[in-house]
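A.B. asks: Take a look at the letters that make up each chain.
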Amino acid sequence: MALTLADITCEYAEGSPLSYRALESVSLSIEPGELVLLLGPTGSGKTTLLRAAAGLLPSSAGTVEVDGVRIGVRGAQRAAVGMLFQRPESQFFALSVEEDCAFGPRNLGRSDKDARADGRAALAQVGLDPSTFGPREPWTLSGGEARRAALAGVLAMRPRYLLLDEPTAGLDAVGRDSVAAVIERTRHTAGVLVVTHDPDLLIRRADRVLVMSEGRTAFSGDVPAFLAALPALTATGAAEAPEVLRTLMLAERRLGRAGATPTLDVDEAASSLARMCAEGGVPR
Amino acid sequence: MKPISGMGQYVPTDSPLHHLDAAAKIGLAAALTTALFMASGFAGLGVLAAAVAWAVASSRVPLRAVARGLGAVSFVVVFTLLANSLRWEPAVALLRIGPLAVDAAGLRTGAFFAVRILVLVVGTTLLTLTTSPVRLSGGLERVMRPLSWLRVPVGDLAMTLTIALRFIPTTAEEAERIVMAQQARGAVFDKGGPIRRARAYAPVLVPLFFQLFRRADALATAMEARCYRGTEGRTRMREERMRGVDWLVMLGLGAALVAVGWFL
Amino acid sequence: MLEFAEVSFAYPTATAPALDGVSFSLEPGQLLVVVGANGSGKSTLARLCDGLLTPGGGRVLVDGLDTADVSLVWDIRVKVGMVFQDPDDQIVGTTVDDDCAFGPENLGLPPEEIVARVAEALTSVGMDGLERREPHLLSEGQKQRLAIAGALAMGPRYLVFDEPSAMLDPAGRRSAIAIIERLAHEQGHGVLLVSHDAADVARADRALALSGGCVVFEGAPEDLLADAALLRACGLATGSMGVLGERLRALGLAVPVGALEAESVVDALWP
Numbered sequence: 102m103a104l105t106l107a108d109i110t111c112e113y114a115e116g117s118p119l120s121y122r123a124l125e126s127v128s129l130s131i132e133p134g135e136l137v138l139l140l141g142p143t144g145s146g147k148t149t150l151l152r153a154a155a156g157l158l159p160s161s162a163g164t165v166e167v168d169g170v171r172i173g174v175r176g177a178q179r180a181a182v183g184m185l186f187q188r189p190e191s192q193f194f195a196l197s198v199e200e201d202c203a204f205g206p207r208n209l210g211r212s213d214k215d216a217r218a219d220g221r222a223a224l225a226q227v228g229l230d231p232s233t234f235g236p237r238e239p240w241t242l243s244g245g246e247a248r249r250a251a252l253a254g255v256l257a258m259r260p261r262y263l264l265l266d267e268p269t270a271g272l273d274a275v276g277r278d279s280v281a282a283v284i285e286r287t288r289h290t291a292g293v294l295v296v297t298h299d300p301d302l303l304i305r306r307a308d309r310v311l312v313m314s315e316g317r318t319a320f321s322g323d324v325p326a327f328l329a330a331l332p333a334l335t336a337t338g339a340a341e342a343p344e345v346l347r348t349l350m351l352a353e354r355r356l357g358r359a360g361a362t363p364t365l366d367v368d369e370a371a372s373s374l375a376r377m378c379a380e381g382g383v384p385r
Numbered sequence: 006m007k008p009i010s011g012m013g014q015y016v017p018t019d020s021p022l023h024h025l026d027a028a029a030k031i032g033l034a035a036a037l038t039t040a041l042f043m044a045s046g047f048a049g050l051g052v053l054a055a056a057v058a059w060a061v062a063s064s065r066v067p068l069r070a071v072a073r074g075l076g077a078v079s080f081v082v083v084f085t086l087l088a089n090s091l092r093w094e095p096a097v098a099l100l101r102i103g104p105l106a107v108d109a110a111g112l113r114t115g116a117f118f119a120v121r122i123l124v125l126v127v128g129t130t131l132l133t134l135t136t137s138p139v140r141l142s143g144g145l146e147r148v149m150r151p152l153s154w155l156r157v158p159v160g161d162l163a164m165t166l167t168i169a170l171r172f173i174p175t176t177a178e179e180a181e182r183i184v185m186a187q188q189a190r191g192a193v194f195d196k197g198g199p200i201r202r203a204r205a206y207a208p209v210l211v212p213l214f215f216q217l218f219r220r221a222d223a224l225a226t227a228m229e230a231r232c233y234r235g236t237e238g239r240t241r242m243r244e245e246r247m248r249g250v251d252w253l254v255m256l257g258l259g260a261a262l263v264a265v266g267w268f269l
Numbered sequence: 018m019l020e021f022a023e024v025s026f027a028y029p030t031a032t033a034p035a036l037d038g039v040s041f042s043l044e045p046g047q048l049l050v051v052v053g054a055n056g057s058g059k060s061t062l063a064r065l066c067d068g069l070l071t072p073g074g075g076r077v078l079v080d081g082l083d084t085a086d087v088s089l090v091w092d093i094r095v096k097v098g099m100v101f102q103d104p105d106d107q108i109v110g111t112t113v114d115d116d117c118a119f120g121p122e123n124l125g126l127p128p129e130e131i132v133a134r135v136a137e138a139l140t141s142v143g144m145d146g147l148e149r150r151e152p153h154l155l156s157e158g159q160k161q162r163l164a165i166a167g168a169l170a171m172g173p174r175y176l177v178f179d180e181p182s183a184m185l186d187p188a189g190r191r192s193a194i195a196i197i198e199r200l201a202h203e204q205g206h207g208v209l210l211v212s213h214d215a216a217d218v219a220r221a222d223r224a225l226a227l228s229g230g231c232v233v234f235e236g237a238p239e240d241l242l243a244d245a246a247l248l249r250a251c252g253l254a255t256g257s258m259g260v261l262g263e264r265l266r267a268l269g270l271a272v273p274v275g276a277l278e279a280e281s282v283v284d285a286l287w288p
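The listed protein sequences derive, respectively, from chains Y, D and E.
Position one of the first sequence corresponds to residue 102 (the numbering used here), numbered consecutively onward.
Position one of the second sequence corresponds to residue 6 (the numbering used here), numbered consecutively onward.
Position one of the third sequence corresponds to residue 18 (the numbering used here), numbered consecutively onward.
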């Protein structure tokens, strides 16, 4: 059981003078229950990869398989892979939140009653009380609420794999935390792939990290390996370090030394910094 | 951020035609159109076609880009050719297909109109192929300026055109994202009859219009904050003017084109 | 000086006022950060600064000019530049330099002066060399810097930013805030920054917190950052860097409350 992308290459405007290669032989696999972070600078191909994984791009080369079945443009696999686009609250079209959430299940052929029930269940799953929020007009919701309602619209289809494109972008700290909490809960029912620019988001909970740079894979591995690779990845601009770790790295650079274990643990980072101070490090 | 390619889109090669003032090019396009409709025979049409072919060659725009513009009107050209050349059971014919037939006179008429459309389309596409959108809207504004004596709000129209040009790529991206987001939620856009397809697009149009109106409102606020209050008292950073050479080329070539149409 | 005196404002259809008795002032060269949860009145406050909205009660004065006086509105808008959250909502031109020229063109300046102002504004946000680029081919960070340049080209004394970094990635955000800080502290603009990023608060000279349209805090940024409950109520969080600062202080190291970025912590430890 897995969502597998093998050797995906994608080129826009192929054959024309404006052609440009968005993805170059990228491979990726997610299993149900896994949380994978997809990092990389703007324009590195993250969104294109996500769209390919959802079967929305006729990729120039490579294969996408869902649980051993090749994904196509047909509706059948749509049920298995859900995708949340950037700024999803700008895509609401129904007059009520509940109606919007029922759109996906209804497209999958579920009855009107079942589709509504799925929508309401998904609203509860994202922490929005269905009887309070269900009847509301989508554009009256606050930032964090709207983002979660849009997520419910995808979850209502009960996907086995969930692809999220910058799910917390533009939200304040409270909204961001509420969305992160929903993502953490969702991984128990689905494999989750999250594209984010926020290196602190979910990094403590992730199973694996994939870093893209200029359409290629710059790094793929588990979180400890990612942290170890960060000095090299930040040097090329492929990835941003979580702020606590960036502090440690900056201190080491300032003192002209290396060696502290890369960590996300705040206590450990604090004692490392204190040790550096105590050892009388002098900035270069 | 993928490049959007379309019919007649600006190709930034470097040529004398690119350097010619936009207003002069608009004038020449108008002269070409006039000449084409005045020309009464193949001789005149031939000279005008040759002039346009020479302009295409000197513009250094790849022929593929010119051809893309033709693709869209090929149906009209073929239809014109057939509609004019087919006769019902004529006495003399070059080719018979059942009761329908092609005769020499019909073929001549059909070919004449078809070539006229071809030359017209290539000539006007060349205008947009060699002129950047900014220059084009600036040129249009100057060409239309006399209309402001008739109280036509020329400046506001030009500003509207500029904003439309600015927001085409942004809106296209937005529409693409909405369509894909709904496809990801199981919506199907490419199945069923025309009515079913049109209905499938309704959920796309709602958020798209919603976004457009929201953006229009935000943009109006931002323009007000930057002191936009209509075009009165407004200056331009690049106040382009017709140079002597632009006048010379426009009047000289324009007169020549019209003369060809008049006499041939 | 940009001054709010007991300003109230209510939208025509709303039951509760969006702002209620707000007073503060902003001097040139000063960076004032305004925080508050959704619906606290931050954006309304920003739009009152240059007469896009006019107060229902109280007065907004820009260098002594009253925004309620219709005849002064264009003078006021030249003095106060605005930058909004989504750069795509404010870029008008089809190329970078044409957009930047939009404001000066509206002021009716002679072409030579517009060219000079555009060049200066684009340089000061680090956009040289991109003059002929079309806006849709810019990154979000570049678009936001273009929006800043567009406001700067008007030659304003005050700049109002309404959550300018909400759409940006970390690198874009750092570069935007660095520009904003420089505009206040080096180029002497009075800057009002609406934000929901705790790190922005730390860089400000003064902080103002709104809740339900009323000022619930005005004072030093460190004092706001030290009040966890108030921060949370304003939709802000100091996150793991806040915790790191606490741990370091517990270990006896002199790290200020406002040190929420790698640079500021390291600078505090090794001055």
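Fair warning: there could be bad hints in the mix.
Heads up, incomplete: computed chain D residues facing chain Y, CB under 8 angstroms, no partners named [stated by the list, open to error]:
#, residue
1, Pro174
2, Thr176
3, Ala177
4, Ala180
5, Arg182
6, Ala189
7, Pro208
8, Val211
9, Leu217
10, Ala225
Examples of chain E residues toward chain Y, derived with CB under 8 angstroms [to be verified]:
#, residue
11, Asp37
12, Ala188
13, Glu278
Hints listed in this document are in silico derivations from the structure and should not be mistaken for laboratory results.
Cβ atoms here follow ideal geometry from the backbone N, Cα and C, with glycine treated the same way.
A.B. asks: Next, verify each hint and record whether it holds.
C.D. replies: Comparing the hints with the structure gives:
1. Pro174: D/Pro174 check fails; min Cβ-Cβ to chain Y is 13 angstroms, beyond 8 angstroms.
2. Thr176: 12 angstroms, violated
3. Ala177: The hint is violated - D/Ala177 has no Cβ within 8 angstroms of chain Y, the shortest such distance being about 13 angstroms.
4. Ala180: 11 angstroms, violated
5. Arg182: Cβ of D/Arg182 sits 6 angstroms from chain Y, so the hint holds.
6. Ala189: With a minimum Cβ separation of about 4 angstroms from chain Y (threshold 8 angstroms), the hint on D/Ala189 holds.
7. Pro208: At about 4 angstroms, which falls below the 8 angstroms cut-off, the nearest Cβ of chain Y leaves the hint on D/Pro208 intact, so it holds.
8. Val211: With a closest approach of 4 angstroms, the D/Val211 hint holds.
9. Leu217: 11 angstroms, violated
10. Ala225: For D/Ala225, the interface hint is violated, since the closest Cβ of chain Y sits about 19 angstroms away, which is over 8 angstroms.
11. Asp37: 20 angstroms, violated
12. Ala188: 7 angstroms, holds
13. Glu278: 7 angstroms, holds
This entry does not satisfy hints 1, 2, 3, 4, 9, 10 and 11, going by the numbered hints stated previously.
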